[in-house]
Amino acid sequence: MPSLQTDGWGTAGESCSVSSGTPTLVALEEILHSGQTSCNHVDEVWPNLFLGDMFASHDRYGLWKLGITHVLNAAHEYIHTALNTPGARIFVHCAVGVSRSATLVLAYLMIYHHFSLVDAIQKVKENRWIFPNRGFLNQLRTLDINLRKERMHESDGQIT
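Numbering (full-length UniProt numbering), first residue to last: 1 to 160.
Keep in mind that the hints were calculated from the coordinates and are not lab data.
One or more hints might be untrue.
Stated by the list, open to error - Below, simulated BS3-like cross-link-like pairs (lysine-lysine); rule was C-alpha separation at most 27 Å, straight line:
(1) Lys149 with Lys125
(2) Lys125 with Lys65
(3) Lys65 with Lys123
(4) Lys123 with Lys149
Being a predicted model, the structure only gives us computed values, none of them experimental.
Produce the complete structure using the sequences and hints provided.
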């Protein structure tokens with residue numbers, strides 16, 4: 001049976017699945033609604049990793065001033081490979097820079113830096129307002145649940 005949470009999420013209700021520890025879609029949306037709401041054309045959301053919109057992706061001078069060496073139009077392996085290149089700075093974008101590209105950055109942090117979904121959201125929101133659509137958010141929840149299971153098996157010495 002899911003736990004009930006009356007504080008921290010803003011409303012009473014199911015906060016997460018007991019089996020997965022991953023918050024519900026509603027709880028995740030409440031996290032996304034909280035905190036910083038500023039959103040520039042481009043923001044640094046992790047060291048040398050930038051998230052933004054299509055406008056910034058076409059501003060070659062602006063990207064040059066930021067030292068951007070790689071541009072990804074809304075994939076975690078590419079981000080990881082590029083960030084392991086000395087001096088690389090990666091700009092991930094989609095049309096608005098709050099849903100599609102944010103989902104890719106969140107997945108990257110979850111896969112390569114072992115962030116939980118909530119921790120990844122909070123880290124990115126420190127520097128940029130994001131709001132992945134419900135479909136992407138649900139896919140991120142599934143990824144979070146699967147990564148937790150995989151890491152739990154790895155820590156038990158099992159191979160998945």
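Comparing the hints with the structure gives:
The straight-line distance between the Cα atoms of Lys149 and Lys125 is roughly 26 Å, inside the 27 Å bound, and the hint therefore holds. Restraint check for Lys125 and Lys65: satisfied, since their Cα atoms lie roughly 23 Å apart, inside the 27 Å limit. Note on Lys65 and Lys123: the hinted pairing holds, with a Cα-Cα distance of about 24 Å set against a maximum of 27 Å. Distance restraint check for Lys123 and Lys149: the Cα-Cα separation of roughly 22 Å lies within the 27 Å cut-off, and the hinted pair is therefore satisfied.
Hint compliance for this structure: no hint is broken.
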